[in-house]
Structures are given as structure tokens and as C-alpha cells.
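Kindly generate the complete structure, drawing on both the sequences and the hints.
Residue numbers (the numbering used here), protein chains in the order written: chain A, 1 to 197; chain B, 1001 to 1197; chain C, 2001 to 2197; chain D, 3001 to 3197.
One or more hints might be untrue.
Derived pair list, reagent style EDC-like, types lysine to aspartate or glutamate, alpha-carbon separation capped at 20 Å [said to hold, decoys possible]:
1) C:K2026 to B:D1143
2) C:K2026 to B:E1097
3) B:K1026 to B:D1143
4) B:K1026 to A:D101
5) D:K3026 to C:E2097
6) C:K2026 to C:D2143
7) A:K26 to D:D3143
8) D:K3026 to C:D2101
9) A:K26 to D:D3101
10) B:K1124 to B:D1143
FYI, nobody ran anything at the bench for these hints, they're computed from the structure.
4 protein chains.
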Amino acid sequence: MNKGRLEAFSDGVLAVIITIMVLEMKSPHGTSLASLGSVIPVFLTYILSFVYIAIYWNNHHHLLHATQRVNGATLWANLHLLFWLSLVPFTTAWMGENHFDSWPVAVYGVVLLLAAVAYFVLTKTLISLHGRGSTLARSIGRDKKGKISIVIYAAAVPLAFVRSWIAGACYIVVAIMWLIPDPRIEKKVAESTEGNG
Amino acid sequence: MNKGRLEAFSDGVLAVIITIMVLEMKSPHGTSLASLGSVIPVFLTYILSFVYIAIYWNNHHHLLHATQRVNGATLWANLHLLFWLSLVPFTTAWMGENHFDSWPVAVYGVVLLLAAVAYFVLTKTLISLHGRGSTLARSIGRDKKGKISIVIYAAAVPLAFVRSWIAGACYIVVAIMWLIPDPRIEKKVAESTEGNG
Amino acid sequence: MNKGRLEAFSDGVLAVIITIMVLEMKSPHGTSLASLGSVIPVFLTYILSFVYIAIYWNNHHHLLHATQRVNGATLWANLHLLFWLSLVPFTTAWMGENHFDSWPVAVYGVVLLLAAVAYFVLTKTLISLHGRGSTLARSIGRDKKGKISIVIYAAAVPLAFVRSWIAGACYIVVAIMWLIPDPRIEKKVAESTEGNG
Amino acid sequence: MNKGRLEAFSDGVLAVIITIMVLEMKSPHGTSLASLGSVIPVFLTYILSFVYIAIYWNNHHHLLHATQRVNGATLWANLHLLFWLSLVPFTTAWMGENHFDSWPVAVYGVVLLLAAVAYFVLTKTLISLHGRGSTLARSIGRDKKGKISIVIYAAAVPLAFVRSWIAGACYIVVAIMWLIPDPRIEKKVAESTEGNG
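This is the structure we're talking about:
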């Protein structure tokens, strides 16, 4: 079974998710600067969610690049990941429209947590298919970032009921952690695909 | 005529269907747990529909993988399938917003029934193009699951007027039947594509 | 310049158009059969528009299949076609919600007319790039169906103000004309691509 | 790392952006010509935004065509461009619904300006990856049009508060500048890809 359509379908779903979120940013009724200001909380949430979907697309791209083959379990592990990511437009809208109240902020984190777990399951499924000694397994390595992210999300959800901005800060920290380039990974991928071009 | 664009277009349509359904899950007005609770019936329907579209994508992926060529009849049989699937966001929204009342549940089943029939017609079109002895025909086999699904949907629609939860249970049973991995198919596909990979 | 991305982008746009139209079919407020009945005019319009977008995708698929190369003019001729087709969800919603009143029916026809003209321009652009004696030019031939469609649309628009059902009948006739398989084209495409497959 | 999925994802996002904008063009309540007239400002804005997204797709297509490879920085520079373009449906809706008032017109320009800057950054990222003497660098050249566009947008934003139609005229002028074919570029691309087919 080849990975081409898995990539194409995932690209399609992620492209739609990242774009329809903007539909939740309703154009304000007035035309003053103040009326534009009312959109700011939704806009900030939109930026955060855009960055998160972009990070997932990026990581997915790297992961599938190192993948040689897929099977039925992989397809479902991937669909499971897409399911949680497909809820991001909903949690984005709810959080943005309610100025970062506790429940919306916590639910936003729950969806991020479950998406991160789904991504972890996807990597495990791929590793068990390719073997522990495979290029794929080595390029994933110990997946420190993935595990740290899950811990931070799990901490952020209850913290949303103490101070919702603490949870928000956690989400931003995780996003920044992923945005910082990780030269080791690019190097490993480059090495492992040398000559496959 | 090659199958590349047929796959690309189907992937695009299925990716949009699976993702825009979430737009029907309107973010609740309040920020309490109770207001989130009001979304639960829509959310449960969303999960069911997501799983169904995912199953169709998965089966479509396997079917087209074993396909060698397509003709005009195939293109239209495929568009016919996409037509019924494109109605899923509508029936999902109607059923979810109305807490599983009889008519919405029955109409949800009618669309599933017609999509299953359309899929059956697509397989027949492909078999008649490739011949009864082809790899494709053998990998489809007697299509027991497809036929059982059609029978269950046909029974569920009238049952929705007796007790709508019975119909709902039927839809869940069919989804689970498809989710259980079927080692024979993967094996047959693996055998038949050996050396083409 | 290769045609791959032109096809991919067109597939994407057509997939989104054909799918978001269903968002205009709002789920009815009640749960009775009567409330479902109120959706029927929108549903009938949806079927018609779905068939039209499907026909365009089909024809576009055949046209690009016979195409060897594209240039800047082709890209813009193609975007021009996509522009008019992107208005179909709007005209579909307006016509469906207003039970086939004269103006919505006429405007629906104007968009079909301009899309047909845009398709005609696209074929001319491709022929002038490939030359009159090319496989592409021969597979398009005299394009009788394309020209007849334009004439019928041009007649239907004013007829919408006499009796809107006459215009509606014209749109259905054109759709049926394209749905009837045309063995000559498939044969010619098959011949011309023999050995390229 | 290959550019295939970068192109596929960008095509997906641009296809969704260009198509969902039409959802902001709500079908009018009445069925008279007057009620259609009320849609005209939104329609004119839609045309302008459609042309802009089409130009970006076109330029992106040419840019990636001349690209040999991509790295992590390229992926993020590309996502940064897609972010600003994803806001176009929002600014289109706000400007169209408010008959070209100053603030909406200025914000429309700010998004165009930031998208143009993001495109400029993307070209610089690609040039630094391929080297100053590369085919890619030569095909981009001094990028006069890109720089002129940025200057015009930067001038148009404050001018929106003097007379909003002046800013609107600026946006139209830039669009026309890009629509006029530039034979040098096509020639250079043709030369540089000769034999790569």
C-alpha cells in the first residue's frame, strides 16, 4: 500500500481546517477601529490555532517523508489524528468569542492534548511497522518534544480553572518550542534520504 | 484514461465533507459546562459521520489501489457516490440538532443506504471493466460486508419510526463492522500488488 | 511548464465548490416530514448544480488529459473558468431559496452562460498552443455540444421572465445532453493516448 | 526534502480561500433586480480578491517550478504567506459589506501589504538556499514588480483615510500590473527548464 493518497487526503483535510477557521472570524458590524478591536480576541486565537495546524502539517510532512510504507492500522491512526485536529475550528471559535473564559480555554487544551496523543500513537504505529532499527525510528528518536508537549497540555487543562491566562501561556510555550528549528532532525532526514532524492 | 485525477478529486471532496461538518457544530453561547453539554448530541452525530466518511475514504483507497484503469462510466459512478456522501453534513446537522427525532434519524439512514448502493454500483462498474477474473474482482470478492450493510440500513430506516435509538444502534453496528480489520483483504491486496509497489 | 499543478488546483477548487453548496441547504427547524419538504426546492437546485460542476470536472479532466503543455494564457483562461463556476453556490442558494422566481432563475443562467463561454475560450487557448492538427484539436473537434449549450443558455435567460420553468427545463436539457455518453470522444482519446498510458 | 507536498498543501489552502470567499456573498432576501443590486459592492470586492488570490497562485506556481529543493525555513516562509492570504476572505467580507468605508479599505490594504512582504521573504529564503547564481535567483531577477507593489500598498493604506476610492484604485492598479503578461519571465523559465520537461 503506498503513502501517496494518505498524504494527499491529510493535506486536503489540514488545508480545509486551517482555512475555514477564518469563517469563525465574523466581519464586525461597524466600520470604526473600535469595531475592529472587538475581533482581536478571535484573531489572537486564530493565530495560535493557525500556528498549531501548521506545526502539525510540518511534522506530518517530515514523518511521512521518512515513512516507507503504510498499512490499515496507519490509515486509522492518521484518521484519528485528523479527527481531533478537525475540532480545532470549533474550540478556536468558542475560546475566541468568550475572551478566554475557563471552560473554553480548558476544552481548547483537551483537544490539543488528544491530538498530541493521537500523533504519538501514529508514530508508534509507524515504528512498529518499520522496526526499531529503521531510519524512521531513528529520525523520531526518543520524541522528547512530543512527550513534553503532552505533559504541558495535561497540566494546562486544570490550570485553566485557576487562571485561564496560565493555560494560554502553556499553549503558546508549546507552540514556540515546536517553531524553534531542530537542526538534528533535518540533518538526520537529510542523511537518511541521501540518494533517494 | 488514468485514475490519478479521479483519486485526487475524490480525496478533495471527501476532505471537504469531513471537515465542513464541524461548521454545523456551532460554538455555544455561554461558557459553562452546561452550555457545552448542549453540543453533545451534535458532537456524537459528528463522530459517527466522521467515522463513516473515514470508512468510505479507506474503502475507496483500497478499491482504487486495485484498479488498473477507469472509463467514463467509472467517473460517473464515482460522482454518484460523492453526491450521496456530500449530503452527510446536512443529515448530520439535522439529526444532531434535533436530539435523534424519528424523521432526521430515518433521513440520515436513507442517505447512508443510497451511498452504500452507490458504492456497490461503483464496484460493479469497475468489475465489468476489469473482468470477473481480474485481481480487482478477486479482491472485492463476494462483498459480504457491503451487502449486509445495505440490508441493515434498509431495516433501520423504518425502525427509526418505532424507536429512533434502534436505528441509531444499527448505524453504529455497521460502522463497527467496517472498523474491525479484515486481514484477508489486506493480504489479497498485498499479494496482488507484490512487485508493483 | 507542466500541467500537474493546474489540474491539482482546479480539482481543489471544484471539490470545494461542489461540497460547500450543501452548506446553503440549511437543516430545517422542525423534525416533521413537512419541514423536510421545505428544503425540496433547494435540494432540487443542489442536484442540478452538483451535476453541472460534475460535468465541468469531467470535461476538464478529458481536456487536460489530451493537453501536452500549458502556458501563461492557459493558466488565466482556466482561472477565468473557475471564477464563473465559483459563483454557482451563490446562484444555487438564491434560486433554491426563492422557489424559482424569474430573476434568480435568469441569473443562474447568466452564470452558466459565462462559464460555458469561459470553457470555450479555454479550449481555443489550448488549441492555439498545440496547433490545429494536434491530437488535442482533433479530440475537441467542432465542439458542437459546447456551441449548442451556449445557444440554449442565451435563449433561456430571457425566457426566465416569460415562464421561469421554461428556463429551468433548458438547464436540465443541457445537463442531460452532456450526461449522455459520447462514444466518439472516448474512442478518440483512447486512440490518441494509446501507448502513453 | 521534496517540494511536492509544499505545492499540494499550498494548492489546497489557496483553493479553499478562493472558494469560501463566495460564502460571504449572502444570497439577497428579495428576488427583484434591486435586491440583487445590494450584492454589487460585495461582488466587486469578490472579483478583486479572486484576482489577487489567482495572481498569488500563479506566481507561486512559477516560483516553485524554478525551485529545486526546500528546507524547514522555506516551509515556514510559505506558511507565513498562507497565513496573510487566509485573512483575505475576512477583509473582503468587511470591505464589501461596508461600501468601501475608510477602515475596512485600509485593513484590506494592510493584509495585501503583509502578504506581499511575506512573498518577498519567501523568495529571499529560496534564493539563499539555491545561491545567487542559481536559475531560481535569475528567474526572480530584481523583482521590480514585487517591490513596486509593496510601495503602492504602503501608500494606499493611509490614503484610505483621505479618500477610500484612491486606495481602492491603488489595489486595482497593482492587480492589473500583475495581470499584464511578462514575456521575459516565461522565456527565462522556458530556457532554464529546457530539457527537464
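Cross-check of the supplied hints:
1. C:K2026 to B:D1143: Measuring from Cα to Cα gives roughly 35 Å; hence the hint is violated.
2. C:K2026 to B:E1097: holds (12 Å)
3. B:K1026 to B:D1143: violated (38 Å)
4. B:K1026 to A:D101: holds (17 Å)
5. D:K3026 to C:E2097: Status holds; Cα separation ~12 Å.
6. C:K2026 to C:D2143: Violated: K2026 of chain C and D2143 of chain C sit about 38 Å apart, past 20 Å.
7. A:K26 to D:D3143: violated (36 Å)
8. D:K3026 to C:D2101: With Cα atoms ~17 Å apart, K3026 of chain D and D2101 of chain C stay inside 20 Å; holds.
9. A:K26 to D:D3101: Answer holds: K26 of chain A to D3101 of chain D is near 17 Å, not above 20 Å.
10. B:K1124 to B:D1143: At roughly 11 Å apart (the allowed maximum being 20 Å), D1143 of chain B and K1124 of chain B satisfy the hint.
Comparing the model with each numbered hint stated earlier shows that hints 1, 3, 6, 7 do not hold.
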